[in-house]
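**Q** This is what each chain is made of:
Protein chains: 6
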Amino acid sequence: MQSVTNAQKAQILMNALPYIKKYSGKIVVVKYGGNAMVNESLKRAVMGDIVLLNLIGIKVVLVHGGGPHIKEVLDRVGIESKFIDGLRVTDAETMKIVQMVLAGQVNKDLVSLIGSMGGNAIGLCGLDDRMIRVRKQSDDLGFVGKITSLDVEIIQDNLDKGYIPVIATIGTDKNGQAYNINADTAAAEIAGALNAECMVSMTNIDGVLRDKDDPSSLITDLTLAQADELKKEGVIAGGMIPKVQCCIDAIQAGVKKVFIVNGMVPHAILIELLTEEGLGTMFVNKYSEGR
Amino acid sequence: MQSVTNAQKAQILMNALPYIKKYSGKIVVVKYGGNAMVNESLKRAVMGDIVLLNLIGIKVVLVHGGGPHIKEVLDRVGIESKFIDGLRVTDAETMKIVQMVLAGQVNKDLVSLIGSMGGNAIGLCGLDDRMIRVRKQSDDLGFVGKITSLDVEIIQDNLDKGYIPVIATIGTDKNGQAYNINADTAAAEIAGALNAECMVSMTNIDGVLRDKDDPSSLITDLTLAQADELKKEGVIAGGMIPKVQCCIDAIQAGVKKVFIVNGMVPHAILIELLTEEGLGTMFVNKYSEGR
Amino acid sequence: MQSVTNAQKAQILMNALPYIKKYSGKIVVVKYGGNAMVNESLKRAVMGDIVLLNLIGIKVVLVHGGGPHIKEVLDRVGIESKFIDGLRVTDAETMKIVQMVLAGQVNKDLVSLIGSMGGNAIGLCGLDDRMIRVRKQSDDLGFVGKITSLDVEIIQDNLDKGYIPVIATIGTDKNGQAYNINADTAAAEIAGALNAECMVSMTNIDGVLRDKDDPSSLITDLTLAQADELKKEGVIAGGMIPKVQCCIDAIQAGVKKVFIVNGMVPHAILIELLTEEGLGTMFVNKYSEGR
Amino acid sequence: MQSVTNAQKAQILMNALPYIKKYSGKIVVVKYGGNAMVNESLKRAVMGDIVLLNLIGIKVVLVHGGGPHIKEVLDRVGIESKFIDGLRVTDAETMKIVQMVLAGQVNKDLVSLIGSMGGNAIGLCGLDDRMIRVRKQSDDLGFVGKITSLDVEIIQDNLDKGYIPVIATIGTDKNGQAYNINADTAAAEIAGALNAECMVSMTNIDGVLRDKDDPSSLITDLTLAQADELKKEGVIAGGMIPKVQCCIDAIQAGVKKVFIVNGMVPHAILIELLTEEGLGTMFVNKYSEGR
Amino acid sequence: MQSVTNAQKAQILMNALPYIKKYSGKIVVVKYGGNAMVNESLKRAVMGDIVLLNLIGIKVVLVHGGGPHIKEVLDRVGIESKFIDGLRVTDAETMKIVQMVLAGQVNKDLVSLIGSMGGNAIGLCGLDDRMIRVRKQSDDLGFVGKITSLDVEIIQDNLDKGYIPVIATIGTDKNGQAYNINADTAAAEIAGALNAECMVSMTNIDGVLRDKDDPSSLITDLTLAQADELKKEGVIAGGMIPKVQCCIDAIQAGVKKVFIVNGMVPHAILIELLTEEGLGTMFVNKYSEGR
Amino acid sequence: MQSVTNAQKAQILMNALPYIKKYSGKIVVVKYGGNAMVNESLKRAVMGDIVLLNLIGIKVVLVHGGGPHIKEVLDRVGIESKFIDGLRVTDAETMKIVQMVLAGQVNKDLVSLIGSMGGNAIGLCGLDDRMIRVRKQSDDLGFVGKITSLDVEIIQDNLDKGYIPVIATIGTDKNGQAYNINADTAAAEIAGALNAECMVSMTNIDGVLRDKDDPSSLITDLTLAQADELKKEGVIAGGMIPKVQCCIDAIQAGVKKVFIVNGMVPHAILIELLTEEGLGTMFVNKYSEGR
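Protein chains in written order, with my numbering: chain A, 589 to 879; chain B, 589 to 879; chain C, 589 to 879; chain D, 589 to 879; chain E, 589 to 879; chain F, 589 to 879.
Any given hint could turn out to be false.
Since the list gives no way to pick out one identical chain from another, each pair is judged satisfied if it fits inside one copy or across any two copies.
Once the Cα atoms are required to be at most 25 angstroms apart in a straight line, the calculated BS3-like pairs of lysine-lysine come out as [claimed, not checked]:
(1) 749 <-> 610
(2) 749 <-> 609
(3) 819 <-> 800
(4) 762 <-> 610
Please keep in mind that the hints were generated in silico from the structure rather than gathered at the bench.
Here the structure is a predicted model, which means the values were calculated and not measured.
In isolation and in its complexed conformation, chain A is listed as follows:
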């Protein structure tokens, strides 16, 4: 870092000014998952970014999954993971583990890490205040839920008090039974219900690439119509489809902008939100305002 002069440092802070101004007082939802979650050093960087955004007046909500952690505990207690169309078959026994790991381990560990960096985090899941209400998605899948309604008042209340809500994506039916739900979908719906200014989806891809083997073919901006076109053309295909779909869902739920960024890039959130460069692909409804 010695090569950066004080003048450059000041200039970088100054350059962040219009972005800070744009997001100040607004809600930003960060969907956090994948490898950035497993690598301890990256995890610290992500939490640091969130604390910084919170400090400069942005209302950050962190929504996380935790597949690898769940698998680890299930393995340990000897429950075999079964999947149908990529969705985990979740019997009562499994659901109990899923809840423990997501709401008790992953969630509170993130809260604790944010706390140790000076942020004031609060760890919630869809069971708190019955925030995420679901119904059974299909009998085959067991306790896998499809969101029927969201009540984000408990998030809003804690945002208003200055806390950083960290949300484990577990749902509940009216009897209080817990359900496993898709974290991407949940993040998109929460961001929509909160009228978030933007959502940042941290994945393991650089964004939408015209040629998936060529990083330089990154598409930096997409309207919903253009995304649709790219799906038809087969550019958005395979494993990229659910990642893009989650972004489209969020835009359709009312979020103004959604960014796919690569969680393996340290401080990807800060770079995307507070510098002129940006990193990944931005989704908007229609072209109306700059990045």
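Starting from the known structure of chain A, fit chains B, C, D, E and F onto it as the hints suggest.
**A** For chains B, C, D, E and F alone, coordinates are given in the frame of chain A:
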């Protein structure tokens, strides 16, 4: 219930009036543990009591432990429980399980049960907003913490918004490392920090008995001085000592009244707080006001 | 009461929970008159009910008449009561007595009784803040007023501050002249203007009976359409008509539910509002929700 | 009025400016009684003054008695008035009349008059919210009360909402029994409890006169010490003593200034408070600030 | 003043009551210019009026120009004034002087004078919070601006805090360049944006005269339609046109009433707003309410 | 800037985090004068820094002088500047120019510049709300004032509403006469009255140098005791004395930290407040916390 007339029902509601008046707008901390936690029907009754108290304007905070649940999971993953002087030796591996079970399973299950009965609960632990700060109690015990400071602002904020905070007793050091802490002690300190009007400690005893084999020898009221005397006399002895000590701690931390009630009596909280009878033993600093 | 066990007491309190939840924070107008007003023991029971409702977070407004008390003072000062179609002919002299008795005696006595039971009541009449504006109903009747407009802000302000408003039904014209007004009509209009959740009309009948001599023929629920039908059939007839009309007026003014209960039943309000039984006849606009 | 030019009118309004500034947002208690209460034209002038003060941002509280009105009704129902040392012997029967007349007639008539002049008045008595608590003064006098405590929160709440509280001086014991109390004393204590900026006592004298037969001997300012001296000298004597005592009581209860003015002078309050002249005698604790 | 009795003084204060009531809590914009601004004694009278209005609860905003003061300084530094169609040609040099004089001298002198009379004034111009946004009116005129948008939040915020905003009419473009703007137009637009209850335009004429040489031919009320008619008839002509136009603009911008008064009459504002007489010509949209 | 990588940018933003946290919600007073004020590019940089600090939640107050601008206008109108002990002799004529230039030109130009960069500034001087009250310092100096009292409520009110107050240092006596006051002293007293977290004094020196000709001899931290010592040693001498004295005054008035920075360094404020380096000399009362 058919034998109770409408007139009697109305009279019972009327009789609750002075007690509702006394506790309305005040904070009541319920320490919940033991068998009342394992029996599903009793658990429903306790949560129902809490929802009712909340509805009639009392600010209820539920502090819980979860020893049997922890043991169950530890057994399942093949970690052997070791104890020194009744305290669980907690290595990093064990602590991870303790956190998952307390903050992810027991805590959120209680939140969910309250929710299904119409209450608005929020599940927190000492990691949230770094509420419970601890230091290592002794090197032998591993991650067993002794509370060094409490910041109950996150509880107060959520009480003010009308939520029922449900607290899992896990602590954190300044690095964000989680610690196992004694639930009784934590409840007493939280109640003190909140200036609670009273604490109800749900145990498996009827209260302080002059003759431990004679339920009719229940002592209904004790000042701190009298409790001290009874310890010297050997009336308070054995397993009763830590239960009584927790009550004394709470009084000394500034709680006005502390009740030991038997969690096996359905609706023990309601009977203790809202009827003229009362059930167990009440601790006060000095005699000054009626039950 | 010795035959009611602690468990039963707790159960009764628990059973009240959904009703408390339903009415909490809502406005309930109680129209109070007739014999329940003269019998001291019943009066205490009614005021006790009101204090309890207030304590558990229900905003209660008590609207009262006071015919027998007026008659007593008029007799005493030697003014003869004349009636045209059941309405008291009210000359200036009489009006002065009516105002004194309603606003100075009956009203403040109720306030005082509520106060002695721990409630915070405030005694108002339609002259306060010119709350109830009237015009002369007919020249023959003298100072008998018909409500032209209502400004319930003074009631709302005092409800917001936690007081129990007790309202004597006297109106004023723009010159400040006081008028005698029908208490039933005033209660219905006040309840409407306050968007009350419900009105309880305490009368000397059990409700609407299909056969007026058979208490078991009580009709427990009536929509406006059904009430209309019963009037045509002659089931609602005679002295019951004005009592029913007041309920219909309140529903039409926007009150969600109106109950006729028999004021001679001790704690009729509590039984009607907080138990599953109910007592009298409930009027609703259309069938939409349970009691 | 034709002789007053526009320029003079503007000048008079301007001259009121420092006085408006002095009292703006402050509490002024007006003690109202005697002949100014019986003469309809004077009564209108007094209520007009109060409405004006309220409009220009002064918080006015009107405390009134009503001896002549009570006497009139007692005569009419044939109850003979008895007095011991100038205090009315008040049996239960009499008290009932006193309450009716003060709280129902005089109080609400004043409220109504203020209302007809555009003010927002609320009529209260010591029974409302148990504002004025008393004990029996002596057994001989029956229900004549001596104030033991005051809770002026209900006055403060309604002042805050912009209403003009009009207070009938009736007290209550803990059982809710009403008591007759001295209006002068009550006004002084209410003014003290409200930390009033000043109290204006409307009487039938011009103020303290050095020679009671010479109006030009008016003493315009008195400290408590000077008043004491004048009592010793016999200048303050006879019927003037209780009038002066009430002023002294108010000063000792914390009111900054107390004015005795002659209620027979139209608009005496406005002249005293808003013009440089002043009218009667001003009492202060010590000399510290100008009129 | 000796000829005005106390009774007359009180009566004048009382007569002001309905007017105080009408304007209390409302916004009154005073457009201040011309000779009343140069004459020190008149200036004190105007500021005194404003302080009084503020004290009695009216929210006053003072908008001023300052032509003569600008001319004086321009002369002194040797800049020649040029005008096109009555508008000052404003080059960069001139604009610098205009800003200094209006925002630094005239504005702050008025603020200071109000302060010395006990009012709490705050001096603002269109540059503060970029309140008045303009574009160049024509290239010939240099920095003469035409208002494109107004953001009166800074005025509202300071009114809410009890200050008297004093506004110098300077505008800004998006680069922060200052512009000279017409004070009459600015006052009208500010009054409209604030939803002012009324605007008082202090000029050097008595109002609209049917015969400009006959003061007794004053027209006291005009609707917009009538004013239009008078323009066609040639009654409103010459120098009177822009003065009338400003009033019409204000009415069309939503101000309820606009008064033209002669600033040479001492306390013209008080006489116009707080006495039954009135002075000049009142403009309204349509006839709907009295003066 | 191309040599700074995204990772470095993010790191610089992250490094600012603890400093943002330290100052967030706190008041920072910037004393702005000297050459940094004349150089347009530096002026933009300073205003940009202030807008950034405001955006990230720091409450910034800008206090400015304007000696060179005053001199320019005085020269232009042919008023000769006279000084006694470095203080400008200020006759009435001169004072008028000083006020115009400071409050009308320099102040509003800064406001306008902040506005054009996206900040919400409000330009005030000591005449507004009579914020800075002074008495004549000495007869020889004319209208040069010494501060007798400060009422910073108007600054606080506008900070609370989110504005950036820009303060021209002019004072007023009780008659509303304007006075010229020392900007350094005024800034120190304003910072003290606001309980500012820190004051940044922008000067034309690098800080306190042990050897005034050797920039590397900069002393980075000084307690008041150490500063005292350096004065005795003659290290702080000559023109440095008043600059240091202003810092000492501010510390003594209760400001926690005061920084002298060189206004010629672009973004000196950001570098001093938001980076680990710092630039100039920091004054504290005693050593207690880090930079």
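**Q** Determine for every hint whether it applies to the structure shown.
**A** Against the structure, the hints:
{"no.": "1", "hint": "749 <-> 610", "in the structure": "both (21 angstroms within a copy, 19 angstroms between copies)"}
{"no.": "2", "hint": "749 <-> 609", "in the structure": "both (21 angstroms within a copy, 16 angstroms between copies)"}
{"no.": "3", "hint": "819 <-> 800", "in the structure": "within (13 angstroms within a copy, 69 angstroms between copies)"}
{"no.": "4", "hint": "762 <-> 610", "in the structure": "between (39 angstroms within a copy, 18 angstroms between copies)"}
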